[in-house]
Each structure stands twice: as structure tokens, then as C-alpha cells.
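Peer 1: Here's the letter readout for the chains.
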Amino acid sequence: MITRREFLVGSACAAGLAALSGCRDRDGGLASRIPGEILGANSAAGHRLRTGALPPVSETIEAEFVVLGGGVAGLSAARQLRRSGVNDLLLLELEDEIGGNARSGSNAVSAYPWGAHYLPLPSEESVEVAAWLEEIGLITGRAADGAPIFDEYALCADPMERLFHHGAWQEGIVPRLDVPHAERAQIEGFLARMDRWRTTRGSDGRRAFAIPVDRSSRDTAFLDLDRVTMADYLKREGWTSEALRWYVDYCCRDDYGASADAVSAWAGIHYFASRNARAANAPSSAVLTWPEGNGWLARQLQQAVGTDIRPKSLVWSIDCPPSGGVAVDFLDLASERSIRVKARGAVCALPRFIAQRLIHGGPGAVAVFPDLVYSPWMVANLTLRQLPGSTSALAWDNVPRESRSLGYVVATHQSLASHPRKTVITYYQPLDDVPPQQARETALARTHESWAGQILADLQRMHPDLPAQTARLDVWLWGHAMIRPVPGFISGPTRRRMQAPHGPLAFAHSDMSGISIFEEAFTRGIDAANTLLASRKTLSPA
Amino acid sequence: MSDRGTRLLLLASVFAVATCGLIYELICGTLASYLLGDSVTQFSTVIGVYLFAMGIGSYLSRFVQGNVLRMFIRVEYLIGVVGGSAAAILFLCFAHVSSFRVLLYGLIVVVGTMVGLEIPLMLRILKGRLEFKELVSKVFTFDYIGALAASLLFPLLLVPHLGLVRSGFLFGIVNAAVGLCAVEVLRRELGGTAGLRAAGWTAIILLGAGFAASDRIMTWSESATYVDDVIYARSSPYQRVVLTRSTNDLRLYLNGNLQFSSRDEYRYHEALVHAGLARLPQARRVLILGGGDGLAAREVLRYPGIEHITLVDLDPSVTGLFSRQENLVALNGGALSSPKLQIVNADAFAWLRGRTDQFDFVVVDFPDPSNFSVGKLYTTAFFDLARGVLAPGGAMVVQCTSPFVARKSFWCVDATLHAAKFVTEPYHVYVPSFGEWGFILASREPLGGVWQLPEGLRYLTPQTLATLFAFPPDMGPVPTEVNRLNNQALVRYFEEEWAHYVH
Ligand SMILES: Cc1cc2nc3c(=O)[nH]c(=O)nc-3n(C[C@H](O)[C@H](O)[C@H](O)COP(=O)(O)OP(=O)(O)OC[C@H]3O[C@@H](n4cnc5c(N)ncnc54)[C@H](O)[C@@H]3O)c2cc1C
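First to last, the protein sequences are chains A and B. Per this note's numbering: the first sequence = residues 1 to 542. Per this note's numbering: the second sequence = residues 1 to 503.
No lab work stands behind these hints: they were computed from the structure. Fair warning: this is a prediction, and the values are worked out from it, not measured in the lab. Do not take every clue at face value.
[Claimed, not checked] Not close to chain B: a few residues of chain A, all C-beta gaps over 12 Å, as computed: (1) V57; (2) G146; (3) Q302; (4) S418; (5) H419; (6) D465.
[What the hints assert, rightly or not] FRET-style restraints, in silico, Cβ to Cβ: (7) A:R193 with B:Y430: 49 to 57 Å; (8) A:P311 with B:D384: 35 to 43 Å; (9) A:A147 with B:D384: 13 to 21 Å; (10) B:T41 with A:A131: 49 to 57 Å; (11) A:E237 with B:R240: 48 to 56 Å; (12) B:G456 with A:K422: 42 to 50 Å; (13) B:H418 with A:A192: 29 to 37 Å; (14) B:R324 with A:Q303: 26 to 34 Å; (15) A:E237 with B:H418: 44 to 52 Å; (16) A:I149 with B:T467: 49 to 57 Å; (17) A:A144 with B:G476: 55 to 63 Å; (18) A:G141 with B:Y501: 37 to 45 Å; (19) A:A147 with B:Y430: 40 to 48 Å.
Note that CB positions come from ideal geometry on N, CA and C, so glycine has one too.
Could you build all of it, start to finish, from the sequences and the hints given here?
Peer 2: Structure follows, in C-alpha cells:
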């Protein structure tokens, strides 16, 4: 009986209910019935910046320093200014909530991340981050040998991660299940090499790969790796294993939103070789996480800054007049009025592709970088009536190997309840199958139903009953989610030029690092604040 | 009936038959993953075998000679009976047959083959009534639609509202009814119909009885997995609670794991409570975490000095059962109704986290750490919190699985208590229904004191007590990791050790 055979095989799904409910989705059933919406960084505001349809300034206020952007870099800069005794401070943030790429949401079931969701334990060079973690109590003490003891509730609970491949789960993300012997040997070889890189130091005494990136060795032997792609590096070393390639691609896409053939080998190796944390109560590879992801960290920074934060403020002009100081014009989205802040100096913690269009005046020409590449991402949060699969096996991070997505993390994973049932899962997908601009346009054109259909079909292969348990599905589109370390970017002149202050304007954003992670944003914020503070006396009021 | 009417009816039966066929397949797949685990593998093999069997059926159809219609009706009855009761048969036999898979796949092959016969036979019946082009198009269209209906009905309506066993019987009835309708409508072409009609009604009555008795079938299948009679079985939101009894024994199972046998539970609970509490003459306030059966509370209440017991157990259906059910109240001496005792139905970890009050003695009596959610209750983080509620000079006792079967697990709890800055006194006791069982007494400072045992104990004496603290070499200390939220070392040891023991 061909008909039923075709009916099932035609569903093209691996097994069981997956196949059947897959058909349901194609029939426009479930995906269109699950409530939810498409959210995203304020794109209407971005549009206004481009078209210039903005009301004239109707009020002028003053502050000693102003911080532009309330992402991690901006919050960190504001905190640093605050703790250095600056009282007259203002932070302007476009969105209605702070956090930028580390922002989070919450509903009756749980808080959940919209972007950044974990912080690895701080490496040797991440001294500012480590000091802050101690300050906010995430490092609770030190063992006899000096190794920090981390707050057990914030360390990612076990089981941390697992991989789905050919219909089965394995613990950990490094592929082991169904990997032929020869490939396994290559994976071992690769990991051993990365371990060696971790301890390799240059003639300047610095580690080859450090966090923050600018604390890495400048030896050309290492920097040469920035000229080739990670894919070329793998080929050159004879690592041809498909499973290894999948793993490396996964890691590059996870941190840079692009695969091994798009990012430089230096950046690719940095992912594996930069982290060397010490901890008394966890392995070096452990991470800190919270239901709302790094939104928790952003909240801590916000508390340190206090109340001088103005959300819903679209910065549209940053002027450095010859008379000194800065004049920042922003649109108060609530009242639709433009306001000017005059300050002695400013930390510009906006992504550079935006900031460079807003700056005028100041010493010399404003540096413009037309070639910055940012990776677009799609993130979805699904509220589930029931934890997917069996409770006991569920890991925090659940990754499918045969998929364009990076899988999902479970917001309630850190919960202490012994019988959690409802949950929120956050599903991640870098949109890197076509060039970024094209990916942005395609993504914006898609409907909620189309995203929901795709996401549910992907998740269903891991958990056949998941679509039926989904109570809500929201999608967040990040057009410029993270800077992409294409070959030449980390070691080349662009990044150096991006870091130079422009008169009374100091810059802080993770895009200047070429690597978009919390530690970079946090440290850049401190550095930019310190730059302003160092010249506090010489900077004239606006 | 007009020819057109007959044709329509036959096509409607294609639709019904297609729906039934897919439903049986889904039932078998779901059941296999229920009972055997690993849903993806179970589902794919079930589907594969089922489709293959359908192929066999189609092939066999060429050997059907003579009155095709008769054959079709018989096939319908057979599918109805076998397919319809497959779920019930599988549930009932799960605990009894040594090779469940043989039965499962046997049933799948039988049902699949019959279902494979249906459409080819139907095509032949309809051959004279429709043009070939139209025949093929119509039959296959209805077949597709039927399959779609099944795939929607199954997850959305049947599983949540009827359950697998009842859904099976329901669709069995549909199959048999299709056969019976054919008998009525096409009686002129059949010749004698009395036998067929009787067979059809018998099938429907049998299946209807099965449908009505579905609940009872589920209970039988559950009692079959227990040696003794099941006297109570209920699912709470947290677990499956089952009580069994034989002439002189009462047993409680949670999720199929034995919690106690009334014949020897006193050994367990006397050891659990008195090894520590009998050395704390100053004790007034006691905290019991877990232990919703009230048996630990019964032992604590033997001390007249105790003023208050707080009992924290997740599951109100357990504490409720042990406060009301006569046999059980007799067993725990009505401890749960004691005016000194306060029941809190809460998750112990979260409950402890907000606590500031203090207790002189803490009893930690959780299930064994067989999964990650229970494993959390044996971590440094949890014991840190417990230390926080321990009054100066107080002590805590932790039930720690079997140091004989799960030696690393036992000593892992000990290592974890040390990491949480406790000094410990591990001990063990022999409980016949459990085997060699382990406990650890933990306190901030080494415990002094002599045992002053209360009256009425059946097992512990000062002499037996002294022997509990000696560990023979086969249960002695081994080095282990510390169990933390971020490594769940204990669950890993436990799984490994009990897996070896069972096989
Ligand atoms: C999906 C995703 C997952 C990630 N996961 C992780 C992770 O797990 N761990 C990790 O360490 N990192 C992760 N990251 C990287 C993350 O980007 C960084 O950790 C960090 O949050 C970047 O902070 P930032 O301050 O440099 O930039 P941003 O977050 O981009 O901050 C810029 C801020 O400026 C605001 N702004 C922009 N234009 C204007 C304007 N005109 N006026 C006013 N305000 C404006 C923005 O709203 C934003 O708040 C992830 C990123 C994404 C997108």
C-alpha cells in the first residue's frame, strides 16, 4: 500500500510523532495557533536615525559625564564613573530596558534571556571581571591555595550540555556518539592542540590568546593566524573530520554568529584556548548562569549605577564643538521631544556602525569604518507547559547536530525545585547561511507563523511532544547581534583606530574587541571611563 | 440502496479504515516508548516494522480468491479485535512476558499485515463500480485524508482525553462497525449473512466491554507488577503512590520503588532517629525533611522532651494518606495528627533557603539520589543550608542508600558533608526488605553524649547501637568526589552502582 507509506515518508522526518506533527505544521495548524510576537531591537527608531525625521532640540540639560548606550559596556562605564566619585552622571539608552544584547524578559513561569546567557569563569587576565564578581558575592571566598570559590547557585548545574545526533542524546557537546575511530582521534588531537595553545606564551610574556583580547601576545607568529580562516587552519593541520568540523563550526557560530569559513583562525582558536580559570569548587570550563542569563549581571551593574539612567532615549547627534565638551542630542521617545545634554565628556557605548553616523566636530575628521561586519541572530523564547523529554536527563544547553540552530537552553535549569514542570526555553540561531545584509532582510520579511513553524519542526525532532506543550512562542530578531572577527580584523589597523578617543569622547563597545563577550564589554567600559577620568581636569565643560 | 450510495459508503469506509490503521500504529509506537523508553528509537522501529507488515499484507492480497467482500469483512473484524485490544494486551503482559519485544512486534506484524490487506481488497471490491482512473484517485484520496485525521486526532484528542487503552478499543469498534455496515449494505452480494453478522456483533460487544473496563485493566496491569495486592494506587502531581498488602505486610511504593515494608520498617526508623536523637537530651525542636509517612515522626515523638516537629514533605497526597488511612495511621501511631507536629507541603530545598529558625535535630529522609532532581538534595549547597538551621550542639541525620550496594555513593555523601564543614559519624543497619542500609550523623562539633534510648523500641539497645558504627572492609570508606549542584557526582555513582547490582 504505497499511499500510506508515502504519507509517512513524505513527512521526511526521522521518526514517529515527529513525522506526524510535522505534517500538522505544514497544514498551518499548530504554528499559527501558538500565540506570540516578533520583537527586536527598536527598528523604528533606527529608521528615524537614517531618515532624519527628528524634532528639533527643545530643552538643554547638563551633566558632568554622559554615557551613551545601556548595554554591558555602557553600564560598566557608568559604574566605574560612579565609583570614582562622579555624581553628576547620565546614561542614555534607546530601549525601554537596559542590557542591550544581555537583555532579558520574564513571565509567570520564569525569567529568560533574550541574548547573552552565560559568563564563563574569569581567566587569568580578566582581573576586572574577577574583582567585580568578588564584589557582588559571586566569588564567596578562596580556598587555601587561593583559588576562588564560586557561588554554587550561580554555577551552571549539572548536567550542563548534551548533543542530539541521529535520534539519540549524548552528554557533552564534543561529538562522541557514532563518531568513527579515525575521526575521534582527530578530535582528540585538535583538543590537545587547543590545550597547548592555552598555555602558550609569546616573547612578550603574554599568553597567545587572552581575555580581554588586547591582553594577548602581539607575537607575529600568533597574529599570522588572523590572516587565514579557521576552516583553512583546520585544513592546513590535516583535520578533515566531519564531526570535528561540525564542532568547530558550532563553537564559532555560538560566539561569533558565523562558521569556521567566515571567521579568522585566531578568533576560532581564541574560543578554545583563551579560558584558563581557576576555581576551588568547579572545573575550569564551568560557567555562571541565571534564569535570565546575563540579564542578571546587567541588573547588578544597573544597581551600582543607580537612578541616573534614562531609557527610551534615542541618541541622534553627538557633537564635539570647538569650544570643548560634548553636546549630545537625544529624542525622548515618551514625549517625542529632543533634548540636548551638555557634558564635559562622554563614553560612547553604542555599536560603532550606529555611532559613527552620529558624531560631528572634534579634533580632525571623524573616523568612519564602512567595513564592520555584524552577524544577525534570531532568538526565540518558548513557554512550555511541560519540561521537554524526561526531567532527569534534561541538560541546561541542548544542541542538535543536524540543524542550523544551536538548540536551546532551559531557563529553569538552576531551579532548586525537585519537580519543576512548566518552563521557558530559549532557542538560538545565528542567521549565517547567506551574507548578513541579505539575512537581515529575509529575516525581517518573515511572519511569526513562519518562524514558529520552523522552530517547532526543529525542536520536534528532539522532543516529539514539544509543539503540543508550547503555550507561547516569541521571536527576537537581532539585526546586528555581534561583531564578526573576519580575517584581518583582530590584528589589523581598524580595531586600533576604533579604540582611539575622539576629543572628549571615549569609546566602549564589544565591537572594538572583535569578539563579542561580556568580559570585553565590561572591561571596555572600565577603560573608557578611566580615559575620561584621567583627563577630567583638562576636559572643559561644554 | 442506490449504486451511488453504495459507492459513497465504501469510500467512507476507506476513510475510516485508514484512520484506524494509523491509530494502531501510533498506539503501538507510543506504548513502546512508554514502556521501553527512548521514544525516537521505539517510534522508528515500530513504524518501520508496521509499514513492512503492510507491504506483506498487500502482497498476500493476490492470494485472496472467491468472494473478496467476505474476506474484506473478516479482515475488518480481525483488525478490530486484535488492533483494538493491542494496547490493553501490551499493558497487561508487560510485567509477565520475558520477551516483551517479541509480543510487541508480533502484534505489530499481525495488525500491519491485516491493514495492508484492506486497501487492495477494497480496490477489488470497487473495481466494477468505478472507472479505474477515478477508482485509484478516490480511494487514495480518502486514504490520505484518513491518515491525516488520525495524526491530528491522536495527539490532540485521544491521548489526552481517552488514553491509549480506551482509544484502542474505540477504533477497534470502528473497524468492526465498518465490516458490519458492509454486511448490511451489500447483503445481496454476500449470500448467507447470519454468520458474518453474528461475528460482527460479537466483536463489537467484546471491544465495547474492553472499552468500559479500561480503567480496571490499567489497575490489573499495575497489580501485576507487584507481588502483593494493590490496595491503593494514585498518581499525584509528583509521583505514583502505590500501597500493597499481604496477610502480614503493608508496603509503600513511590514510583515503583519500595519505601518501607511494615514488617521491618521499625529497624530503619529506629536507627534513623535514635542513633542521633538519643544523644541530645536538650533537644526540643525537630525538623524532618521528607518522611511524609510519619514513621520517623513516630520515633521522634517517643521523647517527651520534644516540643515541636516540623515535617516538610513535597507531596500532600502522601501526608494526607498517612494522616487518614486506617492501616497507615495504626502504623505511624497517629504521628501526623500529633498536636506537636506541623506539616508543611513544600519543596525542601526552596523551603530551607528562606529559613532563619533553628532546630536541635534534623532528619533528612529523602528518596535515594537516583535522578538529578533528587541529587540536588544531597549537595554541598543543600547541606550548607541545613547547617544554617542547626542549633548549637544539634545534629542532623541523613539517609544515605546502601553502603554495601552503593559504597561510593554512601561515602560520597560523607565527603560532601565534610566539604560542608560537618563532622560525621557514619553507621549502618540491616533491614531485611532493603538489605544493608546506611545513615550519616552530622554535626558542627563532634557529638558527645551517651545514648538514652526511649521505651518501647523493638530493635535498638545500647549493645546493638554500638555495633552500627563499625564498618567491615567491604563497606569501608573509599575516596570520592564531593557532590555539588554543578557536578551531581552522587547521581553518577548511584546510577553506576545500582545498575551493576541489578544485573
Ligand atoms: C543572541 C546573543 C547571544 C549572546 N550570548 C552571549 C553569552 O552567552 N555570553 C557572552 O558573554 N556574550 C554573549 N553575547 C554577546 C553580547 O553581545 C555581549 O556579551 C555584551 O552583552 C555586549 O555588550 P555591549 O555593551 O558591547 O553592546 P550592546 O549590548 O550592543 O549595547 C549597546 C547598547 O546601545 C543601545 N543603543 C543603540 N543605539 C542607540 C541609540 N541611538 N541611542 C541610545 N542607545 C542606543 C542599545 O540598545 C544597547 O543597549 C551574545 C549576544 C547575542 C546577540
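Peer 1: So, for every hint listed, does it hold in this structure?
Peer 2: Now the hints, each set against the structure:
no.: 1; hint: V57; in the structure: holds (51 Å)
no.: 2; hint: G146; in the structure: holds (18 Å)
no.: 3; hint: Q302; in the structure: holds (24 Å)
no.: 4; hint: S418; in the structure: violated (4 Å)
no.: 5; hint: H419; in the structure: violated (5 Å)
no.: 6; hint: D465; in the structure: violated (7 Å)
no.: 7; hint: A:R193 with B:Y430: 49 to 57 Å; in the structure: holds (54 Å)
no.: 8; hint: A:P311 with B:D384: 35 to 43 Å; in the structure: holds (38 Å)
no.: 9; hint: A:A147 with B:D384: 13 to 21 Å; in the structure: holds (18 Å)
no.: 10; hint: B:T41 with A:A131: 49 to 57 Å; in the structure: holds (50 Å)
no.: 11; hint: A:E237 with B:R240: 48 to 56 Å; in the structure: holds (54 Å)
no.: 12; hint: B:G456 with A:K422: 42 to 50 Å; in the structure: holds (46 Å)
no.: 13; hint: B:H418 with A:A192: 29 to 37 Å; in the structure: holds (35 Å)
no.: 14; hint: B:R324 with A:Q303: 26 to 34 Å; in the structure: violated (50 Å)
no.: 15; hint: A:E237 with B:H418: 44 to 52 Å; in the structure: holds (46 Å)
no.: 16; hint: A:I149 with B:T467: 49 to 57 Å; in the structure: violated (39 Å)
no.: 17; hint: A:A144 with B:G476: 55 to 63 Å; in the structure: violated (28 Å)
no.: 18; hint: A:G141 with B:Y501: 37 to 45 Å; in the structure: holds (39 Å)
no.: 19; hint: A:A147 with B:Y430: 40 to 48 Å; in the structure: holds (42 Å)
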